[in-house]
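Chemist: One letter stands for each residue in the lines below.
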Amino acid sequence: MSDEVQAEIREELAAAEAVRPETFEFAIRIRGLRNQFGDAVIHDNLDLDVRSGEILGVVGGSGTGKSVLLRSIVGLQIPAEGEIEVYGKTLDTIADEEESRDLRRRWGVMFQGGALFSTLSVAENIQVPLREYYPRLDQKLLDEIAAYKVAMVGLPPDAGPKYPAELSGGMVKRAGLARALALDPALLFLDEPTAGLDPIGAAKFDELIRGLADTMGLTVFLITHDLDTLYATCDRVAVLAEKRVIAVGTIPELLATEHPWIQEYFNGPRGRAASSCNQTQDRKS
Amino acid sequence: MVARADFEYDDGADGAAVRFTGRLTLARLGDVPARLDELGPIATIDLSAIERIDTVGAWIVTRTVNEHGAKVIGASPEAHRLLEALREDKSEYAVHRDRRSPIERMLEQVGTATLAIWHELLGIVGFFGAMIIALGIQIRARRRLRWNAVVTRFQAVGVDALPIIGLMSFLIGIVIAQQGAVQLEQFGLEVFTINLVGRASLRELGLLMTAIMVAGRSGSAFAAQIGTMKLTEEVDAMRTIGVSPMEAIVLPRVAASTITMPLLGFYASICAIIGGGVFCWVGLEIPPLTYVQRLREIIPMHDFYIMLIKAPVFGILIGVTGCYEGMQVRQNAEEVGRRTTSAVVAAIFLVIVLDAFFAVFFSSLGWN
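Quick mapping for you: the protein sequence lines, in order, are chains G and D. Going by this note's numbering, 138 is the number at position 138 of the first sequence; the sequence numbering is gapless. Going by this note's numbering, 149 is the number at position 149 of the second sequence; the sequence numbering is gapless.
Bound conformation, chain D alone (with noise of 0.2 Å):
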């Protein structure tokens, strides 16, 4: 067994003096700094009858040095190289950063994420003014729209979409239906369910339920998608040949998704009735036919039209906010999964707001 660090305290004449002996190494120093620091004061450190030093071991000793103002005797060349490269002050190397006050910390907090918030609602209003200066200069120059680059985000964004938004709004039609003829079976008025799903569906919860989806689908691919590139330098690249990142990236991206949501949003609200159809034959025992013709009667055309009012301007959104996260992205990887989160929140947050507007817009021109 080889002797682990220690060592002994003599408290001669011409001051005390502290010998170590054995292995003056990280793995067997065991309680030697706590001791060390208990002592008094240190006149010399013999380093003769130590076994190895190492850096940590060197510390120790550098540490007692500067603090006793302790000489050091019996260094072997090799200690005596470790101690050399250890000498100079080290006291100006920063470990932690400034520690504040838990209360300024906090109130720092709230006001960096209150004018991040800000600054980020900033910088999409910008990014959309961008976009729409590239277009306008993309049209003026008689440049064609990427329309390759548009057909294939029209797949990933809509094609590829379709299966999960119809079974979704199937289902979520059957739960309004549902949900809606318990309520209404008490007044024994449950053929309302009826109405209660067609207009739900086509005015409001079809085109909200795929704005959700597809901002978690899409724009959050958008976000990643051209996240990556910033990483890669692709896009820094593309501005190098001249080739426009507004121009080959950001717009057909958005414009497949502009033009996807209105159709999207039809095809939701259709399976959401047909899903409240379905429930409204099994359930209330009323009949397609019947289910259809009722429709027909009480859903006014200018649902249909508030629908395709809102479909493209949240599309406009979804893709915007997608893309904007996505060019925010700098220096790491981190950053894309964050901005990617934050692409598909703000999304949904605003999709949700500009809905309230909507809803309140529409009332007021006496759509009811």
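Bound-form chain G, shown alone (with noise of 0.2 Å):
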């Protein structure tokens, strides 16, 4: 091996060094964060912590901006006011690309409807984070990590060549959590993973979320509408209302509060019928 291509490496890995997870208690930190359009304001004085390697869900009614947070978290949307930190590092006061483009392979983001493009196979797709971070990776080691990722998620065997198009609902979901898993992040951003997905599908990828954290040690941010999912896989749960997060907490513990629609949220009839399939779960295992 050349001396450039060993220095360019040893670059690499001194770049990699910028930020490490495991050093962090608090994977996120969010402070007074304010966004609005226009005069509609969606968030205002919003403060949230996300502990390192817990599941943390966050839930709120429609139109609470549970994904205009995670949109700004993940820097799609810039903050009128407010502070986030994301293992220690404020993505807008990040001047040097470099150390934004750090940042960024620690997270992977699965968006609601997948957002595969649409013109790359599921395999390419999964491929596309690691050739931009990773230029030097040889081909087979590329196609052997977009096997395996396939396989992780659970995907069958003949989805690697397929074109997002040929897929169902369930198997873009499924497409779109392997690519955000391709750098191996230590944080993972879900939208609305089981939304769409039929009760089976649901479970089972609820399932398969809670697997692939305990497996690979990650911190996941989950929006969600589904009930089920909070408790079969969320550590935590923050509930968005009145524009800012009024409660974090197990959801023994939000039971426990006062608040009118955290109530209404958890023991309306869905909610009621979520909780009591959970207890009888529990009692069997």
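Hints listed in this document are in silico derivations from the structure and should not be mistaken for laboratory results. From the three backbone atoms N, C-alpha and C, an ideal C-beta is built for every residue, glycine too. Among the hints, erroneous ones may be present.
[Unchecked claim] Now the in silico label distances, taken between C-beta atoms and shown as ranges: (1) Arg-143(D) / Gly-63(G): 39 to 47 Å; (2) Arg-81(D) / Glu-98(G): 26 to 34 Å; (3) Ala-13(D) / Ala-195(G): 57 to 65 Å.
Both chains are sitting in their own frames, so use the hints and assemble them into the complex.
Modeler: Shown next, in the form of structure tokens:
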């Protein structure tokens, strides 16, 4: 191997030192966040901490800005005010392109509709982030990585060469997850992972997320409407209402609060059904 | 600085041992896979000295294990969990489609494209038939044509197109007159420029340019609108309610383009003639009165009839092609774009082919 290539590798490694996820107690810290579109204020003075290694579920009624919150954390939406730290770094104060790339490779985002690149096959979609950040990986290893990622998210063996248009809704979500996991990120963002799936598919997806998070030691920021997902996967739940996070905690902790929206959410007919179903499962296991 | 992935190779008595050190992760992999590939048989893999491992590191270990039948020692619980997750055989997981030789693929592409054109043509003819049947049903059931929808389309296809078609035809009239005059002047026959402009505009160019413009403006709009309605399942919703999409979407559009075309074509011809007249007046010093008188002498009435016969046919063709392509949209948004493009291309192509047939046909009728 030539000296030049070795020097390049050394530089790459030095850059990779900038962010070390495992040394942080909180993966994400948000303070005083304010988001608004014109006159419509979505978030005002919002605070939220996501602990390293936990699965945090974010719930809230329609239009409370769950997706906007996710978009602000990953830098797709510039907040009007406030500070968002991901692994100790604030995206909007990072001037250095290298440094922001460094942060970006610590996270994976799965969008609600999968957002797979429609002109690329599933395997190529998974390889996009790998090629972007590690251009020197050889094709054989890239293919092997794509193959085991396809297997890991529970897609069938013939899914790799298929194009997004040929996949069912559930498969698109799994492929989106595989792409989000391509770089072995420490932090995973999921936007409505079970929306549009049938109950069996949704339950399997919940299991998959829980399993992957345990195996890979992921921190997961999960937006959902699905009460079953909350019970099955989340360590803690953050409730978004009144333009801020009104409560964060485990589900029993949230049930103990007096807030009417939380009571209605968890104790409504659907909430009770999900809860009782979960308790039966617990007793069985 | 955290150690990058590396390994020590030890050629011991009971087979070679590889002892990984540092961080066995994607970011710090460096040239480890390449160097591993160069090694001979490996009996044991020692993971006790690694700092961290991720799925890519675990995959490198799994790959080596599978290749050499090596056994893994000293794995931390974390590493063990990852290795377990990757242990199953992944060789059946495909990444690429089958690769074939370029010649084979080229032949296949030519064949597929030829068949596609044939099917497209059959599809358009079939669609036209279905539309006629729908029209028949509508008439027999004594349901009125949806005039509101027709009038809306009429506005979009006809009225809104007046400025652009007028300007285009006016300019084309000038160009024909100017180019014709340059050639005819050499024989001292520049007065025949009037013949050229008058007959070419009314008989061919006015209508042809209008058809191309309408195909580009409205044929594409039909395809895109209907395609989007297909994607959002509006068309399916219509069917379940019991409204025939042919009746509600297709017929009004085709009717509008069929009625509009003769009007637009005539308007375009007049604009072209005016453009030619302006050039004759300014460039050749033929006064407008003489120009108009001469036009009346040289343009036979059948030129006008030819235009009137061709125009609705072109209108039907553009409408049917646009609606047909829109109705073919399935699956994804990308298809809407593709179908819109082929609606325009197919409509213009078919219009020009038909125009050639018409030209030969009317000439043999003696309408010269």
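Chemist: Hint by hint, note whether the structure agrees.
Modeler: Results of checking the hints against the structure:
Taken as a hint, the range 39 to 47 Å holds for the pair Arg-143(D) and Gly-63(G), whose Cβ atoms sit roughly 43 Å apart. For Arg-81(D) paired with Glu-98(G), a C-beta distance near 32 Å keeps the hint of 26 to 34 Å intact. The hint said 57 to 65 Å for the Cβ distance between Ala-13(D) and Ala-195(G), and at roughly 59 Å that hint holds.
Checked against the numbered hints above, the structure violates none of them.
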